[in-house]
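Asks: So the chains spell out like this:
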Amino acid sequence: MTGAYFVVVFGHGTASKHLEAPQEAAEYLRRLVGTAWQAKAARFQDRVRVSIAPGGVMVAFQDSQPDRAVELCEAVVAQLQHQSTTHLALPPVCAAITHGYMRQIDDPDFGSNFEGSPAIAAARVMAKLAPGECAVERSVWEFSTLLNRCHTAKTVDGKAHDKPFHICIHQHIQFPTQVHSPAFPHAVPAEPPPVRLTPTPEFTQTVRQRLRDILQRPHMQEVREAIVGQGDGTAAEILLAPDQPETLLEAMDRLYHATKNCLARLQQASLRERQSLQHSLREIIGWQALLIMNREQLQAQQLAFHPRQDGLKKEIPLRLEAGIEVLVSSIGERAADFVLKVDNQQRTRVVGRHSFQADELEHGLSPTDQWTGVLQRIWSEVMKPEPPPREFSPDDIGRLQARLKGNERRSNSYYYIAVPPASAHALLVDRVLIERLHQTLPTLRLMYLIGPGQAGILLIDEYDFNEAVETFLRLLEDRDSETEATR
Amino acid sequence: MAEVKRWHKYQETQAFLVALDISGFSRHMDKMDQLLAHRNSFFEAVKTTTLFDQAKTAGTVVTHFLGDELRLAFYDAVGAQAVRNFVEAVLQSLMHMNRMLTPERQTRVKGVVFAGVVIWKEWQGCPYLDGQLPYQAQHCIDLLNPGQVAMNSAFKQALESEAVPTGTMAERQCLDEPVYILYEEEGQ
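Top line first, the protein sequences correspond to chains A and B.
Once you know that position 222 of the first sequence is 222 in the numbering used here, the rest is easy, because the numbers rise by one and skip nothing.
When you read off a place in the second sequence, starting at 1, and then add 1000, the result is the number in the numbering used here.
By construction, these hints were calculated from the structure, which means they are not laboratory data.
Note that CB positions come from ideal geometry on N, CA and C, so glycine has one too.
A few of these clues could be false.
[To be verified] With a cut-off of at most 30 Å between alpha-carbon atoms, the simulated DSBU-like pairs for lysine-lysine come out as follows:
id: 1; chain 1: B; residue 1: K1047; chain 2: A; residue 2: K17
id: 2; chain 1: A; residue 1: K17; chain 2: A; residue 2: K154
id: 3; chain 1: A; residue 1: K405; chain 2: B; residue 2: K1009
id: 4; chain 1: A; residue 1: K40; chain 2: A; residue 2: K128
id: 5; chain 1: B; residue 1: K1009; chain 2: A; residue 2: K40
[To be verified] With beta-carbon atoms standing in for the labels, derived distance ranges:
id: 6; chain 1: B; residue 1: S1153; chain 2: A; residue 2: E470; range: 49 to 59 Å
id: 7; chain 1: A; residue 1: G451; chain 2: B; residue 2: V1117; range: 39 to 49 Å
id: 8; chain 1: B; residue 1: Q1092; chain 2: A; residue 2: D107; range: 32 to 42 Å
id: 9; chain 1: A; residue 1: T200; chain 2: B; residue 2: N1098; range: 47 to 57 Å
id: 10; chain 1: A; residue 1: Q205; chain 2: B; residue 2: V1117; range: 26 to 36 Å
id: 11; chain 1: A; residue 1: P199; chain 2: B; residue 2: N1098; range: 45 to 55 Å
id: 12; chain 1: B; residue 1: T1168; chain 2: A; residue 2: H151; range: 53 to 63 Å
All chains, full assembly: derive it from the sequences and hints.
Replies: In structure tokens:
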């Protein structure tokens, strides 16, 4: 099947040969274009195809006018302009626009793509451009809106067997360029949300399957029977993971009561037995918790980011840290992992095991250098038992960064900093300091709690949920002093 | 029963990366039927291999198509020898198809087979392969002639660990590292 397309390809042009870190540069480019794309997501939803090459991003719009192709270029320029105000180094970016008929490829084994002269010409022209340039190839000159904004035409050579390409350089679409740094982790913008969440009914089935697996463990027999005993013969996993969200608190209470009875009888059991039981119970509440999330709203509000993205900053329409843990776990489709933490105001908070609280971080170990103190706090948690350095060298930062990523990869968990809402104890939070930390350790996500929006992403009251989890964790801790309560 | 390893997005995975490029594809840029014919021949040659069929079913291969280049990342558990046989089968299949065609219509490929870490990712719904290997592959392919397939040291070692002899292979330099000519069409 063929159709008329406008092709835009973004790349590094002639600078690609001199990139010291081409992989990072390409990653940057994808994020940059992705962020620009998201800024006008509604415009770029339909009749668009994408192709990724190691050093470029090609977008094909099936349009009769070049408007959307130009808009995407302008959005990328806007992103770069925004970043140029806050970042010292930007990578080289250029683009080429072409037009013509192409064939759509939809192969069951090799996916969707497109082929034709516009794609080949765009790639060839882009490779010859200087950083900052946006070339309009001759195939687009018939559209006066573009031609009128071009410099005088010039010719660039293609490969040996290609004919030369005729282009003009767009006068207004100019990608800001600065001295290129070999690696530019600080210039990484947020990635668009690539995750498509499993719809709620199917996800509930997944949770039930997980609960069933846990409840079938030998040490869980008594708990399973205690849960079933609270129903009318319904399977335990259904009692714990009901279809109706309004009964989720009841389901959590069922787990609480079953746990209470079993733990009381386990006083004489070995430490190992109790720890196995506690571990399984934590997993159960972690899976149950995921059902409080309104997955459709999560998707609609573009909060379904990929948890493995680097440099992620998100505004989360919630009030409490427990909700963030549920959110990132829901997206990763893993059990939430809660721990209790007593903050410096002696308040007990339910937080994610791999989360850092912004206000806590600032109370670092170093009384004079707060920045070093914050890093030391993170180091103490991530690199334990190795003591934190007194001063951080680039090597230290590199090692910390690698350990953060390695731990995430191995344990399928995600480190993040929870920043409380402005209406709460935000006065204690130095947001500039937190931002600086984020730039130093870009794999640490920043989750800004901004308070609930109009369309809630939780299916039950956030405070009720938090209370239920906290009470359950307290129950586990009261029975065994070795349970992790604070980190 | 042993757990079947499948690809998961955004995870670093030990893999064999096969990157095959249709030589001179852009020569036909204004002839859409020629582009289609070359790509169809290429796809057909890949799809009819035993390994691709098995790996698709088992979920041990992911692909990334870039217009004139196809990248396939096989889980390293499939074995280096099986991957070498796959490349050979693709080239043999194309040679067989080419016999009936004039030189201009013949589909020829060149490429690399690298062992190392690959990450399967997605951007705006488009799956692609990331990591250091794909970048090295792109650079090294440019240095090859049509009909040549090169491998890196890691893949050579993987072959040797499966007792496949590699002693007589010609050596080239790519990005200051040696690559070895794994396959070369007759007449090169």
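Asks: Are the hints correct? Go through all of them and say.
Replies: A quick look at each hint next to the structure:
| no. | hint | result |
| --- | --- | --- |
| 1 | B:K1047 to A:K17 | 34 Å, violated |
| 2 | A:K17 to A:K154 | 22 Å, holds |
| 3 | A:K405 to B:K1009 | 15 Å, holds |
| 4 | A:K40 to A:K128 | 28 Å, holds |
| 5 | B:K1009 to A:K40 | 26 Å, holds |
| 6 | B:S1153 to A:E470: 49 to 59 Å | 55 Å, holds |
| 7 | A:G451 to B:V1117: 39 to 49 Å | 42 Å, holds |
| 8 | B:Q1092 to A:D107: 32 to 42 Å | 22 Å, violated |
| 9 | A:T200 to B:N1098: 47 to 57 Å | 53 Å, holds |
| 10 | A:Q205 to B:V1117: 26 to 36 Å | 34 Å, holds |
| 11 | A:P199 to B:N1098: 45 to 55 Å | 48 Å, holds |
| 12 | B:T1168 to A:H151: 53 to 63 Å | 55 Å, holds |
Violated hints for the displayed structure, listed by number in ascending order: 1, 8.
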